[in-house]
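Undergrad: The residues making up each chain are set out below.
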Amino acid sequence: MLSASVGRMRSVVAFNLGLVVGGAITGSGLAVVAAVVQPPMTPQWNAILIGAVCLILFAQEIGLIGLQLPQRRRLVPITVFRLGPIFGPLEFGIEMGTGFRTYVSSVAPYAVVAAAILTAGSLDALVAGVGFGLGRAAMTTASVLSRDVTAWDRKWAVRGRAIQTGIFAMVMFTLVAHAQGW
Amino acid sequence: MLRVTQFILRPVPVAIAITAVAAALAVVVPYERCAWLALGLLAGYALSGST
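Quick mapping for you: the protein sequence lines, in order, are chains G and C. Quick note: the first sequence uses the working numbering, first residue 1, plus one each step. Quick note: the second sequence uses the working numbering, first residue 1001, plus one each step.
No lab work stands behind these hints, which were simulated from the structure alone. Every residue, glycine too, gets a C-beta built ideally from N, C-alpha and C. Warning: the hint list may mix true and false statements.
[What the hints assert, rightly or not] Between beta-carbon pairs, the in silico distance windows are:
1) 1023/C x 157/G: 21 to 29 Å
2) 84/G x 1030/C: 39 to 47 Å
3) 79/G x 1004/C: 34 to 42 Å
Please build the complete structure, drawing on both the sequences and the hints.
TA: Below you can see the structure in the form of structure tokens.
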């Protein structure tokens, strides 16, 4: 029983590590894209543009508009665990951490990506990517430590939409508060 | 103890904790890069239902 629990925690740690690595990979990629396409704008224009993006995404979040935002519309297959209890979750974590593995159910990542492309320096985008991995890891860690993953998922199904809207409000607040300084 | 842990680790309390940490990073810490960490953290947790 104890060894099974330890084994499970190792898998979770490997998965979480993968999430952070995957986030860092996406952050690095964003930094490269930002370096190439980032328009030379004044802080005021940065704030206006980011504000406009946030408004559009907020309209999407509350269902006013129905944009088809880019995402991979596939569930993750069970075959991701073919590499065993450590490297399987690690690989799966890296794939999930990149944000390109499955559905993107919130507009918050799009706002962060847009802001990163418009304003971020190379290290900023990397830091945001690592934060993304840590945010995803928080969910895994909380659900596993709660000892009832199914109940956790059920509660997310009930409250997830409200949580996502609240989190997006915080993302907008952070972006608007900082956009003029970037 | 187990019940307290299970209560704290539900999606809403974790979201509140994540938001509080993000607010501290983005508003309180006087270092711009921490705001990017906060943004990433929030965006990552917002995708908790996507697996």
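Undergrad: Determine for every hint whether it applies to the structure shown.
TA: For each hint, the structure was consulted:
For the pair residue 1023/C and residue 157/G, the beta carbons lie near 26 Å from each other, so the given range of 21 to 29 Å is met. Restraint check, residue 84/G to residue 1030/C: a C-beta distance of roughly 45 Å satisfies the suggested window 39 to 47 Å. Between residue 79/G and residue 1004/C the beta carbon distance is about 38 Å. The supplied range of 34 to 42 Å therefore holds.
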